[in-house]
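With the hints as your guide, set chain S onto chain P.
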Amino acid sequence: MKTNEFIEELKETLELEDVEINENTNLKDLEEYDSLSVLAIIAMIDENFGKKLSGQDFQSITTVKSLMELIGKDCFE
Amino acid sequence: MNSPFSLKDKNILITGASSGIGRQCAISCSQMGANVILIARNEERLKETYNKLERGNHLFFSQDITEYNKIESVISETVSKLGKINGFIHSAGIEMTLPLKVMKPEYYNKLFSVNVISGFEFAKIISKKKYLDSNGASFVFIASIMSVVANAGLIGYCSSKGAIISGIRSMAIELARKNIRVNSISPGYIQTEMMKKAEEKMSDSKIKELRKNFLLGIGKPDDVANACIYLLSDAARWITGTNLIVDGGYSAK
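The listed protein sequences correspond, in order, to chains P and S. Each residue of the first sequence is one higher than the one before, counting from 1 in our numbering. Each residue of the second sequence is one higher than the one before, counting from 78 in our numbering.
Among these hints, one or two may not hold up.
DEER-style ranges, computed between Cβ atoms [said to hold, decoys possible]:
(1) K28(P) <-> E251(S): 18 to 28 Å
(2) G294(S) <-> E47(P): 50 to 60 Å
(3) E286(S) <-> M44(P): 45 to 55 Å
(4) K65(P) <-> E183(S): 46 to 56 Å
(5) I295(S) <-> D57(P): 52 to 62 Å
(6) K2(P) <-> E251(S): 27 to 37 Å
(7) E286(S) <-> Q59(P): 55 to 65 Å
(8) E47(P) <-> D281(S): 46 to 56 Å
For lysine to aspartate or glutamate, the following EDC-like pairs were computed, each having C-alpha atoms within a straight-line distance of at most 16 Å [as the list claims (entries may be wrong)]:
(9) K205(S) <-> E17(P)
(10) K206(S) <-> E12(P)
(11) K205(S) <-> D18(P)
(12) K205(S) <-> E32(P)
(13) K11(P) <-> D34(P)
(14) K206(S) <-> E32(P)
(15) K206(S) <-> E15(P)
(16) K205(S) <-> E12(P)
(17) K206(S) <-> E17(P)
(18) K273(S) <-> E172(S)
(19) K206(S) <-> E31(P)
(20) K206(S) <-> D18(P)
(21) K28(P) <-> E15(P)
(22) K255(S) <-> E17(P)
(23) K207(S) <-> E17(P)
(24) K201(S) <-> E12(P)
(25) K255(S) <-> E15(P)
(26) K207(S) <-> D18(P)
Don't read these hints as lab results, they were simulated from the structure. C-beta atoms are modelled at their ideal positions from N, C-alpha and C, and glycine is treated no differently.
Chain P extracted, bound-state conformation (with noise of 0.2 Å):
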């Protein structure tokens, strides 16, 4: 998947309307993300990429090139 795609989704999964974010953008700093949009995000990534991440996995998540990380360069163009 190419990275602004993923990024698309992860705003689409998040319900980012107004907010643009890239791949420095620290998720935590975004309102929009909590306990129940990791959940949503998990789906997207086994949707997408066929990998099942736990909630675990997401402690160390600070922004999106570290999630993009934690899936695997190897799945991003």
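Only chain S this time, still in chain P's reference frame:
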């Protein structure tokens, strides 16, 4: 004075709007000033409902609600024509009276897809920021008194209606942050086509016995529609996650 019970200018989507409780909800909501969006499979009967509405900006969609992938286009078209959504009534439902020994997995699937899953899918999509009014919304699911008590031969129906009242509690908690209230109504015996069909399978003595248990007599679609208006209106602004029993005293015994 503005009544807190008014639905003036609210856009309210209604499934199962071609008959019974859904049809009456549509008519009553339009009388309270709402723009209603009617959804059901049967176009002819939808038009009959449409022609009974008070004046307003109403729409109707002839759509099978179990075609889940088409739900978003209905909502999207509604929002582009009328503006964002303020309310939703899931009144579509099917009844099935069959003893356990002849129930089949496909019967449960059918009951759950119409009575439960389609309604939850509508709720999911309406909850998106791009479709939801900035002041939030009110969702009302029509369950049944058979979600709280039961009769024999209704395993599929009772469990599907029970799923509604359990599901709306979780939904209410989850969607409160978006200022969406989610409630269900559990009607008792309401005089509708669906109930007439159910009665055709019963003996006269069974029908008599059943009717006797409704202390205030058999209900009318109006009785449920009025409860719906209340839950959709600002008068119910502090009510969410609850199941309102409208059963003429049936379950009090």
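Hints, verified against the model:
1. K28(P) <-> E251(S): 18 to 28 Å: 21 Å, holds
2. G294(S) <-> E47(P): 50 to 60 Å: 51 Å, holds
3. E286(S) <-> M44(P): 45 to 55 Å: Holds - the Cβ-Cβ distance for E286(S) and M44(P), about 53 Å, lies within 45 to 55 Å.
4. K65(P) <-> E183(S): 46 to 56 Å: 47 Å, holds
5. I295(S) <-> D57(P): 52 to 62 Å: Check passed, 56 Å falls within 52 to 62 Å.
6. K2(P) <-> E251(S): 27 to 37 Å: 31 Å, holds
7. E286(S) <-> Q59(P): 55 to 65 Å: Between E286(S) and Q59(P), where Cβ atoms are some 60 Å apart, the hint holds.
8. E47(P) <-> D281(S): 46 to 56 Å: Holds, since E47(P) and D281(S) (Cβ atoms, about 54 Å apart) stay within the stated range.
9. K205(S) <-> E17(P): Holds, because 10 Å separates the two Cα atoms, which is no more than 16 Å.
10. K206(S) <-> E12(P): 10 Å, holds
11. K205(S) <-> D18(P): With Cα atoms ~14 Å apart, K205(S) and D18(P) stay inside 16 Å; holds.
12. K205(S) <-> E32(P): Roughly 13 Å separates the two Cα atoms, so the pair holds.
13. K11(P) <-> D34(P): Holds - the C-alpha atoms of D34(P) and K11(P) are around 14 Å apart, at most 16 Å.
14. K206(S) <-> E32(P): 12 Å, holds
15. K206(S) <-> E15(P): Holds - the C-alpha atoms of E15(P) and K206(S) are around 7 Å apart, at most 16 Å.
16. K205(S) <-> E12(P): 9 Å, holds
17. K206(S) <-> E17(P): Measuring from Cα to Cα gives roughly 8 Å; hence the hint holds.
18. K273(S) <-> E172(S): Given pair K273(S), E172(S) holds - Cα atoms ~11 Å apart, limit 16 Å.
19. K206(S) <-> E31(P): Roughly 14 Å between the alpha carbons, so the hint for K206(S) and E31(P) holds.
20. K206(S) <-> D18(P): Given that 16 Å is the threshold and the Cα spacing comes to 11 Å, the pair holds.
21. K28(P) <-> E15(P): 15 Å, holds
22. K255(S) <-> E17(P): Distance ~14 Å between K255(S) and E17(P) Cα, so the pair holds.
23. K207(S) <-> E17(P): 8 Å, holds
24. K201(S) <-> E12(P): 13 Å, holds
25. K255(S) <-> E15(P): 12 Å, holds
26. K207(S) <-> D18(P): 11 Å, holds
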